[in-house]
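Participant: Starting from the given sequences, assemble the full structure and let the hints guide the process.
Listed in order, the protein sequences are those of chains E and V.
With our numbering, the residue at position 189 of the first sequence is 189, and numbering never jumps.
With our numbering, the residue at position 154 of the second sequence is 154, and numbering never jumps.
Derived from the structure by calculation, the hints contain no laboratory data.
Please read all numbers here as calculations on a predicted model, not as lab measurements.
Every residue, glycine too, gets a C-beta built ideally from N, C-alpha and C.
Where hints are given, some of them may not hold.
[What the hints assert, rightly or not] Just a sample of chain E residues kept apart from chain V, beta carbon distances all over 10 Å, derived: (1) 1; (2) 24; (3) 60; (4) 72; (5) 97; (6) 109; (7) 182; (8) 202.
[Claimed, not checked] So, partial list: chain V residues that the calculated Cβ filter (under 10 Å) puts toward chain E: (9) 160; (10) 173; (11) 185; (12) 237.
[What the hints assert, rightly or not] Simulated restraints, written as ranges between beta carbons of each label pair: (13) 239/E to 215/V: 15 to 21 Å; (14) 238/E to 238/V: 25 to 31 Å; (15) 215/V to 125/E: 55 to 61 Å; (16) 134/V to 243/E: 25 to 31 Å; (17) 220/V to 101/E: 56 to 62 Å; (18) 29/E to 142/V: 32 to 38 Å; (19) 221/E to 122/V: 47 to 53 Å; (20) 29/E to 122/V: 51 to 57 Å; (21) 214/V to 22/E: 39 to 45 Å.
Residue strings, one per chain:
Protein chains: 2
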Amino acid sequence: MTYCVGIDVDEGLVFAADTRTNASVDDVRVHRKLHVFEYPGQAVFVLMASGNLATTQLLVSRLQRDVEEQRTPNLRGLRHLFEVAEYVGALLVDSQVKCRDVEHGHDGVNTQATLILGGQIAGERPGLYMIYPLGNAISASPETPYLQIGESKYGKPILDRIIRPRTRLDDAARTAVVSLDSTIRSNLSVGLPLDLALVRRDELRIGGQLRLSGDSPLYADIHRNWAHRLEQAVAALPRFPWEQQA
Amino acid sequence: MTYCVGIDVDEGLVFAADTRTNASVDDVRVHRKLHVFEYPGQAVFVLMASGNLATTQLLVSRLQRDVEEQRTPNLRGLRHLFEVAEYVGALLVDSQVKCRDVEHGHDGVNTQATLILGGQIAGERPGLYMIYPLGNAISASPETPYLQIGESKYGKPILDRIIRPRTRLDDAARTAVVSLDSTIRSNLSVGLPLDLALVRRDELRIGGQLRLSGDSPLYADIHRNWAHRLEQAVAALPRFPWEQQA
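Facilitator: Laid out in structure tokens, this is it:
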């Protein structure tokens, strides 16, 4: 399984993903699911993937090749983010079919993948899309300023309570880390380390990138700090009628 | 769908359940899922149910009848909580079959239900069981001091972070309300009002019972207070390396 979350606030975009992949419970590995495509001053994209790893790795390799060989279309050549979503969606559908072909008709393997794609192209505002296995896409909106793929339920309540378009970008990133941390704590199929990337509006480059592992002091600090503050928050909630007034 | 959580801490037991039942998205109703069986000084039990409503209502009616008619076994007659779990489990299996019979062979209906049963019998410590559709049961333990049935993922992280055997009973109840509130906010199939019941160790009666609806001031207060404290907690988390030191 996987858990990735993308957040679209006024100040920019946040991307956070875990790195655990498993073919079964005794075949667990670490693979990067957050991929950066950076063309400073011109465009910046971040792609996160859940689903079949062969499909998503093939997709990423093809995206890079199309830019290097200046094929049409490619990530540097498109002028609108929705066109990039269409292009990536078409490539995703093709990669899913390709990965199934490789299996020589072994149809039991699910080669589907779901993507979160976000970024900014010069002249446009930043945007965030979810791309489905069929290649179609939906975008985040002010009412729903985040998108999730994979094991999304554990990490959803904190996003619902905190994330608004006016949330500060770094606070949105802290919320994303907490959302990942909650999921990792409650579900074995999502695991550390986690990758984090920020795109600040109109900078047209990556505004911050980080890998947090279990032994990184910042992660341990966030984890401990959060648990402590939640305990305080629970203890400070209103009293029930049967509790004596202090 | 449904969400119920039972918590077993040193000071006693907490039970919390939503009240939404739905046959489909346009057939949504409110039904009690938390049932109290109180025999002061002798024994107290709380039963929560997810699954087929006909099954669980039949089960509750039978439990009451067995006590009234002094049948063997019945809730007042058993001396150990694990025997009560066995008795309720057997009655659950029978109610599932009975509800299917009523359908005259209409096998498409799923009459299964899953239960959380907790309470205390004089002379024993309090206990908490999950009873599966097959009639078998597992109990909570110091390492896993809570049990959930229904739509459990949204409300799990807060329980994982807060609930320990030494957590105060009223704080455990506050955590249960937050766990319910998080689920209700993130998932349409779980809805207000919510029922809450407490059993304090060795009191052998209900130590507090409450129905919280959307317009009850206490619920609104907890909801608002929690959102506010979470925002503060996020803003107070450690800074990322790219943030300027204040």
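Participant: Answer holds if the nearest beta-carbon of chain E is closer than 10 Å to that of residue 237/V; otherwise answer violated.
Facilitator: The hint holds - residue 237/V has a Cβ within 10 Å of chain E, the shortest such distance being about 5 Å.
Participant: Taking C-beta pairs only, is residue 202/E more than 10 Å away from all of chain V?
Facilitator: With a cut-off of 10 Å, residue 202/E remains clear of chain V, as the shortest Cβ separation is near 17 Å.
Participant: Identify whether the interface hint at residue 160/V stands, where standing means a beta carbon of chain E within less than 10 Å of its own.
Facilitator: Holds, because the Cβ-Cβ distance from residue 160/V to chain E comes to roughly 5 Å (cut-off 10 Å).
Participant: Can you tell me whether the CB distance of residue 221/E to residue 122/V sits inside 47 to 53 Å?
Facilitator: holds (48 Å)
Participant: Just want to verify: residue 109/E was marked as not at the interface with chain V; is every Cβ pair farther apart than 10 Å?
Facilitator: holds (27 Å)
Participant: Run the C-beta distances from residue 182/E to all of chain V and say if the shortest one exceeds 10 Å.
Facilitator: violated (4 Å)
Participant: Within 25 to 31 Å or not, the Cβ separation of residue 238/E and residue 238/V?
Facilitator: holds (29 Å)
Participant: Non-interface claim for residue 97/E: all C-beta distances to chain V beyond 10 Å?
Facilitator: holds (32 Å)
Participant: Measuring from beta carbon to beta carbon, are residue 239/E and residue 215/V in 15 to 21 Å?
Facilitator: The hint (15 to 21 Å, Cβ to Cβ) holds, given that residue 239/E and residue 215/V are roughly 19 Å apart.
Participant: Can the suggested window of 25 to 31 Å be confirmed for the beta-carbon pair residue 134/V and residue 243/E?
Facilitator: violated (40 Å)
Participant: For the pair residue 220/V and residue 101/E, does the Cβ-Cβ distance stay inside 56 to 62 Å?
Facilitator: holds (57 Å)
Participant: Just double-check residue 60/E for me: nearest Cβ-Cβ distance to chain V has to come out over 10 Å.
Facilitator: holds (25 Å)
The earlier numbered hints that this structure contradicts are 7, 15, 16.
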